[in-house]
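Going by our numbering, the residue at position 266 of the sequence shown is 270; the numbering climbs one at a time, nothing skipped.
Derived by calculation from the structure, the hints in this document are not laboratory data.
Note that the Cβ used here is the ideal one computed from N, Cα and C, for glycine as well.
Incorrect hints may have been included.
The calculated SDA-like cross-link candidates involving lysine to any residue, where the alpha carbons are at most 25 Å apart (straight line), are [said to hold, decoys possible]: (1) Lys231 <-> Thr221; (2) Lys231 <-> Lys83; (3) Lys83 <-> Phe132; (4) Lys40 <-> Thr221; (5) Lys294 <-> Gly322.
Beta-carbon label-pair distances, calculated as ranges [claimed, not checked]: (6) Tyr145 <-> Arg22: 18 to 28 Å; (7) Arg264 <-> Asp60: 44 to 54 Å; (8) Glu95 <-> Glu173: 21 to 31 Å; (9) Met71 <-> Glu173: 36 to 46 Å; (10) Pro305 <-> Asp75: 40 to 50 Å.
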Amino acid sequence: MAFIDMHCDTLTALMDGRSDGDLMRNRLSVDLARMKNNGGAIEFFACFVCLGRFKDHNPDEAWDYVMRTLDYYEKNRKKYPNDCRKVEKYEDVDRILSGNSMSPVGTLLTVEEGGVLNGSMERLKVLFDRGVRLITLTWNYDNCLGHPNHRDPEKNSLGLTPFGFEAVEEMERLGMIVDVSHLSDGGFYDVANRARKPFVASHSNARALCPHPRNLTDDMIRALAQKGGVAGLNFCPSFLDEKKGSTVEGMVGHLSHMIRVGGEDVAAIGTDFDGIEGPLEISNTGEMSKLHQALERAGFPPRVIDKIWYGNVRRVLGEVLPG
Numbered sequence: 005m006a007f008i009d010m011h012c013d014t015l016t017a018l019m020d021g022r023s024d025g026d027l028m029r030n031r032l033s034v035d036l037a038r039m040k041n042n043g044g045a046i047e048f049f050a051c052f053v054c055l056g057r058f059k060d061h062n063p064d065e066a067w068d069y070v071m072r073t074l075d076y077y078e079k080n081r082k083k084y085p086n087d088c089r090k091v092e093k094y095e096d097v098d099r100i101l102s103g104n105s106m107s108p109v110g111t112l113l114t115v116e117e118g119g120v121l122n123g124s125m126e127r128l129k130v131l132f133d134r135g136v137r138l139i140t141l142t143w144n145y146d147n148c149l150g151h152p153n154h155r156d157p158e159k160n161s162l163g164l165t166p167f168g169f170e171a172v173e174e175m176e177r178l179g180m181i182v183d184v185s186h187l188s189d190g191g192f193y194d195v196a197n198r199a200r201k202p203f204v205a206s207h208s209n210a211r212a213l214c215p216h217p218r219n220l221t222d223d224m225i226r227a228l229a230q231k232g233g234v235a236g237l238n239f240c241p242s243f244l245d246e247k248k249g250s251t252v253e254g255m256v257g258h259l260s261h262m263i264r265v266g267g268e269d270v271a272a273i274g275t276d277f278d279g280i281e282g283p284l285e286i287s288n289t290g291e292m293s294k295l296h297q298a299l300e301r302a303g304f305p306p307r308v309i310d311k312i313w314y315g316n317v318r319r320v321l322g323e324v325l326p327g
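The whole structure should be built from the sequences, with the hints applied where relevant.
Take a look at the structure:
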């Protein structure tokens, strides 16, 4: 039951002291030990940085924080070489998914807040050289790339900056995944119109079922599918159902809707573990079988469940990452 999870904030939670332990074992929702014991094949670990924590939203301080987070990851990778494999090329993906229960967990590094680039293409290359293979263009603040999603329709219509367009092109050239979760609607369509390779919404749900601006409209789901991209199911209560919260039933509903609108190649998993709060029916990677069993009961064919679990993201990685 190998699965790929496109988003967690575990690295940041450990950096900020929200749990003892490390990447191997901790009291958070994601660690390597539980991933190995429960079929987890590849986890996308975000270097998340909130610009709002720095005076004047200083992107240089945010950049330093990301560098320290990457240093922390490398310390863990060297400490657990038999359990943690860094995913930088597609051959890493292929080797991990072709392995067995004794294989290391694949760890793909991401940055959640493109503002750390501060308009510098050189910084983008530094991130690539350090192994980052996905950038979430914005979080909840305007930055050098574009604008975040917003409940104000006028603000939500704002798109990418000139540097944002250039960065998307350079990311594709290098072999980095463009992530539009948190991006404004205008920015989403700018990416959809400019991208030549598949892009992703790493942790976003269906707006038709839950009207949060962080979720995707049906038109966005179709546009994402047309580019060969995927949307990762987010387990956050307010993105699944603002009244019922985070339930397996709600997860099945969002996956069903995304597939009905965009086809079976568009749906994936992006839990947002360790970045979300509230009661969670699936609270950690050790409980992923609950969703798998629910999809089986709902009549999802094994082929489609495999695509949600790992196949669709594997395809995107094959088309975007360096060989």
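Right, here's what the structure says about each hint:
In summary, the hint linking lysine 231 to threonine 221 is supported, as the alpha carbons are separated by about 16 Å, within the 25 Å threshold. Among the hinted pairs, lysine 231 with lysine 83 is inconsistent with the structure: their alpha-carbon atoms are about 39 Å apart, more than 25 Å. Annotation: proposed proximity of lysine 83 to phenylalanine 132 holds, straight-line Cα distance about 22 Å (limit 25 Å). The suggested pairing of lysine 40 with threonine 221 is violated, with an alpha-carbon distance near 35 Å, which exceeds 25 Å.
Of the pairs offered as hints, the one joining lysine 294 and glycine 322 is violated, with about 28 Å between alpha carbons and a cut-off of 25 Å exceeded. About 22 Å separates the C-beta atoms of tyrosine 145 and arginine 22, a value consistent with the hinted range of 18 to 28 Å. Range check, arginine 264 to aspartate 60: about 45 Å between beta-carbon atoms, so the 44 to 54 Å window is met. Remark: the range hint 21 to 31 Å for glutamate 95 to glutamate 173 is upheld by a beta-carbon distance near 25 Å.
Here the CB-CB span from methionine 71 to glutamate 173 is close to 25 Å, at odds with the stated 36 to 46 Å. The given range of 40 to 50 Å is respected by proline 305 and aspartate 75, whose C-beta atoms sit roughly 44 Å from each other.
Hints 2, 4, 5, 9, counting from the list given before, are not met by this structure.
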